[in-house]
Amino acid sequence: MPHLDAAYNLARWLAGNDHDAQDVAQEATLRAFKFFGSFRGGNARAWLLSIVRNTFYTWLRKNRPAEKIVSIDDEMLEIEDSSANAQPVHPSFADAGAVRRAIAELPVEFREIVILREMEGFSYKEIAELAGVPIGTVMSRLARARKLLQKRLAAEFTPEAQK
Amino acid sequence: MNCQQAKPLIDAYADGELEASAILELEQHLHGCPACAAALRNVQNLKQALKQDAFYFTAPAELERRIRAQLPASVNAVPQRSGWISNWNWLTTAMSGAFAVCLALLVGVTLSRSSPEQALTREVVSSHIRSLIPGHTLDVVSTDQHTVKPWFNGKVDFSPPVKNLAAQEFPLVGGRLDYLNGRNVAALVFQRHKHVINLFVWPASVKAFGPSASAPLRGFNVIHWSDGQMNFWAVSDLNQSELMEFVRDFAAGKTVGP
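Top line first, the protein sequences correspond to chains A and G. Take 1 as the starting number for the first sequence in the working numbering and just add one per residue. Take 164 as the starting number for the second sequence in the working numbering and just add one per residue.
Please keep in mind that the hints were generated in silico from the structure rather than gathered at the bench. Where hints are given, some of them may not hold.
[To be verified] Straight-line Cα separation of at most 30 Å, DSS-like style, residue types lysine-lysine; simulated pairs:
hint	chain 1	residue 1	chain 2	residue 2
1	G	K318	G	K417
2	A	K151	G	K170
3	G	K370	G	K318
4	G	K370	G	K417
5	G	K357	G	K170
6	A	K125	G	K210
7	G	K170	G	K210
8	A	K125	G	K417
9	G	K214	G	K170
10	G	K318	G	K357
11	A	K34	A	K62
12	G	K170	G	K318
13	G	K357	G	K417
14	A	K151	G	K214
15	A	K125	A	K34
16	A	K151	G	K318
17	A	K125	A	K151
18	G	K210	A	K151
19	G	K357	A	K125
[Claimed, not checked] Chain A is faced by these chain G residues, among others (derived, beta-carbon under 7 Å):
hint	residue
20	V206
21	Y219
22	S289
[As the list claims (entries may be wrong)] Here are the computed distance ranges between Cβ atoms for each label pair:
hint	chain 1	residue 1	chain 2	residue 2	range
23	G	D412	A	A104	49 to 57 Å
24	A	A104	G	G179	25 to 33 Å
25	A	A104	G	A414	51 to 59 Å
26	G	G373	A	Y57	40 to 48 Å
27	G	H356	A	F36	27 to 35 Å
28	G	L380	A	A98	37 to 45 Å
29	G	A330	A	A104	37 to 45 Å
30	A	K62	G	T310	35 to 43 Å
31	A	A98	G	E225	38 to 46 Å
32	G	G179	A	A98	21 to 29 Å
Model, not experiment: these values are computed from the prediction. Beta carbons: idealized from backbone N, C-alpha and C, even for Gly.
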């Protein structure tokens with residue numbers, strides 16, 4: 001099945017476990033199959049992932065209404081600008097487990113942007129269309145997500161930051 | 164370019180999403196600024212750390228079986244008989260075909276990007292909508308232009324012209340720091356009756372031009388112009404003729420002295 005890995009990967013990162021991810025990916029794929037008539041051409045993978053995303057958020061509201069979704073208020077908070085004195089994040093330091101935990105701990109609406117950008121390689125414009133948000137929002141969420149990841153990873157691996 | 168201007172561009176630069184003109188300016192800045200260069204290295208390192216196959220979850224075989232079991236029987240019919248015309252295979256073919264087309268399109272994607280003006284209109288409307296969230300409209304609440312103008316000192320690297328148009332029934336209600344077009348901008352907030360008008364101001368890099376109305380977006384009207392020194396983008400849910408009236412009044416109004 002085309003793009004099933006991409007559908008599952010996104011669902012798995014959003015839902016956080018295999019069982020729920022399979023439910024979401026299955027429902028989304030069946031929905032994609034059913035509504036293929038509404039596919040207007042373009043990137044089929046992006047189209048399928050936008051369905052995965054919608055399916056996930058519907059599922060989230062129903063099954064985990066308490067999960068915190070980033071509100072615009074949160075997004076507008078100034079990001080603590082520590083880039084000047086931040087410890088560099090070296091990939092060699094960052095063992096896979098720590099990076100995985102750091103991604104998993106991101107608020108879900110930041111996490112999805114990171115997955116779509118770094119794992120699926122979509123452009124800002126494609127992500128904006130896929131997620132139905134302005135490009136400016138994609139950029140600010142991505143920048144904020146990276147700052148959070150840097151902070152997390154620096155805290156894990158830099159002794160000075162563990163005080 | 165200073166650090167304040169460079170910082171917001173670093174992520175887009177690392178992602179290869181920055182326009183050519185901005186790349187040159189940013190690279191010049193990075194060359195002479197160790198702090199911004201370090202911030203860029205951090206983003207690049209992080210990107211590299213995230214690009215590991217180990218983070219990509221591949222679909223379990225069980226998932227495909229579960230999905231196939233849910234599809235209508237005709238779709239799962241014996242392949243030899245229904246062959247490529249079966250719905251599922253048709254979908255597969257169509258989707259891979261579409262994907263191939265998409266790959267081809269990706270090459271030319273820069274050609275199909277919307278114009279900078281359309282993109283900026285969307286940004287302006289988004290900022291306007293965000294500003295309408297209670298508590299987010301104003302950073303400085305004052306109907307006094309002599310309070311609002313100095314408030315921007317040190318917050319933006321320019322001095323926005325502030326005018327009170329109370330006499331024209333567009334009273335100034337305050338100001339806010341906002342972010343547009345990759346930079347900090349001044350947002351002046353006016354009101355007519357219950358309608359909020361955001362006027363975004365930042366230094367112009369183009370010659371003066373008269374008011375130009377964008378196509379209404381999500382029910383908001385947007386008009387922008389430049390006086391050669393500053394860019395002005397006005398946005399409101401007012402109808403276009405009233406917003407144009409505001410624009411004319413603002414352009415004709417007296418500025419607070421420096």
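Tested hints:
1. K318/G to K417/G: This hinted pair holds, its Cα atoms lying about 23 Å apart.
2. K151/A to K170/G: holds (17 Å)
3. K370/G to K318/G: holds (25 Å)
4. K370/G to K417/G: holds (21 Å)
5. K357/G to K170/G: Answer violated: K357/G to K170/G is near 37 Å, above 30 Å.
6. K125/A to K210/G: holds (19 Å)
7. K170/G to K210/G: Given pair K170/G, K210/G holds - Cα atoms ~17 Å apart, limit 30 Å.
8. K125/A to K417/G: violated (41 Å)
9. K214/G to K170/G: Roughly 23 Å between the alpha carbons, so the hint for K214/G and K170/G holds.
10. K318/G to K357/G: holds (28 Å)
11. K34/A to K62/A: Holds - the C-alpha atoms of K62/A and K34/A are around 22 Å apart, at most 30 Å.
12. K170/G to K318/G: Holds - the C-alpha atoms of K318/G and K170/G are around 15 Å apart, at most 30 Å.
13. K357/G to K417/G: OK: K357/G and K417/G at ~24 Å, within 30 Å.
14. K151/A to K214/G: Distance of about 18 Å is within 30 Å: holds.
15. K125/A to K34/A: Judged against 30 Å, a Cα distance of about 27 Å means the pair holds.
16. K151/A to K318/G: Given pair K151/A, K318/G holds - Cα atoms ~26 Å apart, limit 30 Å.
17. K125/A to K151/A: holds (27 Å)
18. K210/G to K151/A: The given pair, whose Cα atoms are some 14 Å apart, holds under the 30 Å limit.
19. K357/G to K125/A: violated (34 Å)
20. V206: This interface hint holds because 6 Å falls under the 7 Å limit.
21. Y219: holds (5 Å)
22. S289: holds (4 Å)
23. D412/G to A104/A: 49 to 57 Å: holds (53 Å)
24. A104/A to G179/G: 25 to 33 Å: holds (27 Å)
25. A104/A to A414/G: 51 to 59 Å: holds (52 Å)
26. G373/G to Y57/A: 40 to 48 Å: Taking Cβ atoms as reference, G373/G and Y57/A lie about 44 Å apart, which means the hint holds.
27. H356/G to F36/A: 27 to 35 Å: violated (48 Å)
28. L380/G to A98/A: 37 to 45 Å: holds (43 Å)
29. A330/G to A104/A: 37 to 45 Å: violated (57 Å)
30. K62/A to T310/G: 35 to 43 Å: violated (49 Å)
31. A98/A to E225/G: 38 to 46 Å: violated (29 Å)
32. G179/G to A98/A: 21 to 29 Å: holds (27 Å)
This entry does not satisfy hints 5, 8, 19, 27, 29, 30, 31, going by the numbered hints stated previously.
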